[in-house]
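Chemist: Residue numbers (the working numbering), protein chains in the order written: chain V, 1 to 284; chain B, 285 to 505.
For the record, the hints were derived by calculation from the structure and aren't laboratory data.
No false leads were slipped in.
Derived contacts from chain B toward chain V, CB cut-off under 10 Å, selection only:
no., residue
1, Arg287
2, Phe290
3, Asp291
4, Gln355
5, Gln356
6, Pro357
7, Leu358
8, Ala359
9, Gly360
10, Asp361
11, Leu362
12, Arg363
13, Val366
14, Glu494
15, Gly495
Over the 12 Å line for every Cβ pair with chain V, so calculated as not near, a few chain B residues:
no., residue
16, Val302
17, His328
18, Ile331
19, Leu335
20, Glu395
21, Ile412
22, Asp420
23, Asp441
24, Pro459
25, Leu500
Glycine included, each C-beta is placed from N, C-alpha and C at the ideal position.
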Amino acid sequence: MVQEGLQRALSQSFMAQTSGQAGGTTDDLPRGPVAETRDLNVWYDDFQALRDISLQVPGHRITAIIGPSGCGKSTLIRCFNRMNDLIAGFRSTGDVIFQGQDIYGKGIDPVEVRRRIGMVFQKPNPFPKSIYENVAFGPRINGYVGHLHEIVERALRQAALWDEVKDNLRKSALTLSGGQQQRLCIARALAIEPEVILMDEPCSALDPAATLKIEDLMRELAREYAIVIVTHNMQQAARVADSTAVMMMAEDRAGELIEYGPTKEVFTNPKEQRTEDYITGRFG
Amino acid sequence: MTRTAFDHQLAEVQEDMVELASMVETAIERSVQALEGRDIELAHRIIDDDLKINRKRYETEEKCLELFATQQPLAGDLRTIVAVLHIIVDLERMGDHAEGIAKVTLMLGHEPPIEPDIDLAPMAKIAIRMLVGSVDAFKDRDAGRARAICDEDDEVDALYDKAYGELVTHMVNDPETIDRATHLGWVAHNLERIADRVTNICERVVYLVEGKIEELNVSKY
Ligand SMILES: Nc1ncnc2c1ncn2[C@@H]1O[C@H](COP(=O)(O)OP(=O)(O)OP(=O)(O)O)[C@@H](O)[C@H]1O
Ligand SMILES: [Mg+2]
Chain V
1 MVQEGLQRAL SQSFMAQTSG QAGGTTDDLP RGPVAETRDL NVWYDDFQAL
51 RDISLQVPGH RITAIIGPSG CGKSTLIRCF NRMNDLIAGF RSTGDVIFQG
101 QDIYGKGIDP VEVRRRIGMV FQKPNPFPKS IYENVAFGPR INGYVGHLHE
151 IVERALRQAA LWDEVKDNLR KSALTLSGGQ QQRLCIARAL AIEPEVILMD
201 EPCSALDPAA TLKIEDLMRE LAREYAIVIV THNMQQAARV ADSTAVMMMA
251 EDRAGELIEY GPTKEVFTNP KEQRTEDYIT GRFG
Chain B
285 MTRTAFDHQL AEVQEDMVEL ASMVETAIER SVQALEGRDI ELAHRIIDDD
335 LKINRKRYET EEKCLELFAT QQPLAGDLRT IVAVLHIIVD LERMGDHAEG
385 IAKVTLMLGH EPPIEPDIDL APMAKIAIRM LVGSVDAFKD RDAGRARAIC
435 DEDDEVDALY DKAYGELVTH MVNDPETIDR ATHLGWVAHN LERIADRVTN
485 ICERVVYLVE GKIEELNVSK Y
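I would like the entire structure built from these sequences, with the hints used as guidance.
Modeler: Pasting the structure below:
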């Protein structure tokens with residue numbers, strides 16, 4: 001991937017949110033972790049961004065990753081669907097396991113990885129197309145020929161957007177509000193039926209009402225999917241996540257996982273002093 | 285990153301709590317003193333001062349609620365405020381017990397003490413010592429001390445049993461004393477309850493320090 005051209009890289013990035021095929025079932029998720037990293041180290045050229053990260057992502061649960069700016073949260077979450085492959089100078093050691101397979105292993109197709117592990121970004125990024133097309137795009141390019149309409153409706157319902165847009169499906173997605181656009185992006189990710197949804201600060205551009213709506217939606221989605229969310233909003237992590245991972249920068253600025261446990265524990269009685277300092281706002 | 289304003293407010297609710305504790309301590313001391321000396325005036329003063337105790341509790345409670353609403357406290361900060369919220373309720377109730385003792389003093393009026401007098405002072409002394417100790421344990425974040433103080437509740441319970449037995453004996457032997465003995469029984473009961481509430485404070489100290497809610501001393505009563 002690293003040696004492939006920029007154009008390819010960009011189209012991959014584009015695919016990550018959209019590609020995939022309909023079908024595939026999510027109710028046979030195994031108990032235990034759906035995805036995990038083992039002793040993961042990441043470098044951007046000479047700079048080590050992550051050190052020895054071992055993190056398990058359980059199925060049907062919401063896992064939050066918190067930590068100060070620059071500690072490597074986005075880097076880590078991008079490792080789960082090989083989005084870092086697109087970055088020049090990126091290099092990693094250790095394993096990222098998804099459903100028992102090392103996704104950085106030989107013969108693994110990153111496009112397939114991203115089809116099964118969807119991503120929602122900080123800024124809502126709908127295509128300049130109709131609402132309908134935004135959602136239908138992924139299933140369509142994956143050759144889905146069945147009832148596309150049903151898939152679109154189901155994804156929009158799952159994303160709690162259907163009632164607001166059902167009479168205007170042909171309208172441009174860009175006419176939606178920020179919160180609606182973000183839910184549309186979630187619908188777009190859901191339409192390809194991923195098994196894990198990665199969200200990197202999905203609510204940072206949204207108002208409190210839209211934020212709470214997305215949080216409700218996440219809880220709803222966690223019945224079927226594993227969700228990993230990066231957030232700077234401590235209260236958000238406390239509200240939605242079942243477990244919370246806390247990352248910090250070491251002396252050399254490499255990101256490390258310093259605490260990982262049930263959210264309730266992390267926010268009421270953290271084990272690490274550094275966690276305590278960070279979540280109570282006495283950090284640094 | 286610091287949170288100067290918040291740190292200040294957080295310190296303030298704890299200081300309020302400590303001040304409330306010292307008001308309650310004074311009330312308990314005086315209640316026993318008033319009883320022993322049949323000091324009606326002092327008893328009235330305790331009853332009046334209980335209003336101040338109540339007011340202090342509600343003021344502190346309001347400050348805690350404001351901190352929840354405005355600062356979203358977490359971790360140690362959260363546990364501190366939760367502990368304070370619980371402790372001030374127990375303190376306020378302890379003030380009510382002292383007031384209860386003062387009311388007994390009013391009821392007993394100038395009646396003579398029962399002969400031989402029932403000495404409730406040791407119970408009061410232990411209860412006060414426990415109270416002061418629990419507040420120190422809070423200030424020092426000392427869970428071990430809090431646990432040790434809870435064990436002292438057994439001494440108070442034993443003294444209560446003893447006092448109760450003696451009072452019953454009086455009542456049986458001399459029906460004239462029934463009213464007075466009943467009143468003193470209430471006093472003993474109030475003191476026993478005070479010590480019991482100190483164990484609640486100790487539980488909150490353990491929660492504050494260790495983050496777990498455990499019942500420390502299951503009182504006999
Ligand atoms: N494409 C890149 N090339 C080189 N260095 C990068 C790149 N992306 C991130 N980094 C560096 O890696 C470190 C971790 O960055 P990352 O974006 O993962 O942090 P973050 O925890 O997501 O921060 P924020 O909370 O600000 O989003 C930072 O020091 C950053 O400068
Ligand atoms: Mg980031």
